[in-house]
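Q: Whenever a hint applies, use it, and build me the whole structure from the sequences.
Residue numbers for the sequence shown follow the UniProt record's numbering, beginning at 1 and rising by one.
Hints are computed from structural coordinates only; laboratory data are not their basis. Keep in mind that the hints are not guaranteed to be accurate.
[As the list claims (entries may be wrong)] Ranges between beta-carbon positions, derived for each pair:
1) Thr28 - Asn116: 27 to 37 Å
2) Glu50 - Thr9: 42 to 52 Å
3) Cys43 - Pro23: 49 to 59 Å
4) Ser6 - Lys87: 10 to 20 Å
5) Asn59 - Lys87: 15 to 25 Å
6) Leu8 - Glu63: 31 to 41 Å
7) Glu91 - Ala26: 25 to 35 Å
8) Met1 - Cys43: 21 to 31 Å
9) Ile61 - Leu5: 15 to 25 Å
10) Phe104 - Arg81: 38 to 48 Å
11) Leu5 - Glu50: 48 to 58 Å
12) Met122 - Lys69: 13 to 23 Å
13) Ser92 - Asn59: 17 to 27 Å
14) Leu5 - Ala26: 36 to 46 Å
Glycine included, C-beta positions come from ideal geometry on N, C-alpha and C.
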Amino acid sequence: MKKALSILTFGLLVIIIFTMDYPLKAKTLYGKYINTNYQNSICCVEAPHEPDTLILFSNGIFESRFFGKGQFEVSNGISPRIEFHYKSYEESASYNTYFSNKLFEKPKIILNADMNHVYTKMN
Numbered sequence: 001m002k003k004a005l006s007i008l009t010f011g012l013l014v015i016i017i018f019t020m021d022y023p024l025k026a027k028t029l030y031g032k033y034i035n036t037n038y039q040n041s042i043c044c045v046e047a048p049h050e051p052d053t054l055i056l057f058s059n060g061i062f063e064s065r066f067f068g069k070g071q072f073e074v075s076n077g078i079s080p081r082i083e084f085h086y087k088s089y090e091e092s093a094s095y096n097t098y099f100s101n102k103l104f105e106k107p108k109i110i111l112n113a114d115m116n117h118v119y120t121k122m123n
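A: And the structure:
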């Protein structure tokens, strides 16, 4: 009985380790991200539904063809989040979302998790 419980506990621990999101390191966070799975039906107007490259700079500035230029803030904990501040039609706008940073996967900025619409980090 104890052996079965130990195996079950070990199995659950392995599942948790491989499915949880980890905080991002600076070298992992900054750089170029490519918009993927954008061709799905449009679900939200605040996400790009065309090819796009997002560049996050270490000084808190970002560039993207869709969002333009702006600033971003990251809260980097157990569930890393990112908030973009930019201009849309000359008005201030913001977009708040989260990162997926799983073990052995490239970091992703989630735009629509159900459709796997994400910005995926390039090397």
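Q: With reference to the structure, classify each hint as holding or not holding.
A: Verification of the hints:
| no. | hint | in the structure |
| --- | --- | --- |
| 1 | Thr28 - Asn116: 27 to 37 Å | violated (20 Å) |
| 2 | Glu50 - Thr9: 42 to 52 Å | holds (47 Å) |
| 3 | Cys43 - Pro23: 49 to 59 Å | violated (28 Å) |
| 4 | Ser6 - Lys87: 10 to 20 Å | violated (57 Å) |
| 5 | Asn59 - Lys87: 15 to 25 Å | holds (18 Å) |
| 6 | Leu8 - Glu63: 31 to 41 Å | violated (48 Å) |
| 7 | Glu91 - Ala26: 25 to 35 Å | holds (32 Å) |
| 8 | Met1 - Cys43: 21 to 31 Å | violated (49 Å) |
| 9 | Ile61 - Leu5: 15 to 25 Å | violated (52 Å) |
| 10 | Phe104 - Arg81: 38 to 48 Å | violated (22 Å) |
| 11 | Leu5 - Glu50: 48 to 58 Å | holds (52 Å) |
| 12 | Met122 - Lys69: 13 to 23 Å | holds (19 Å) |
| 13 | Ser92 - Asn59: 17 to 27 Å | holds (20 Å) |
| 14 | Leu5 - Ala26: 36 to 46 Å | holds (41 Å) |
Checked against the numbered hints given earlier, the structure breaks hints 1, 3, 4, 6, 8, 9, 10 and satisfies all the rest.
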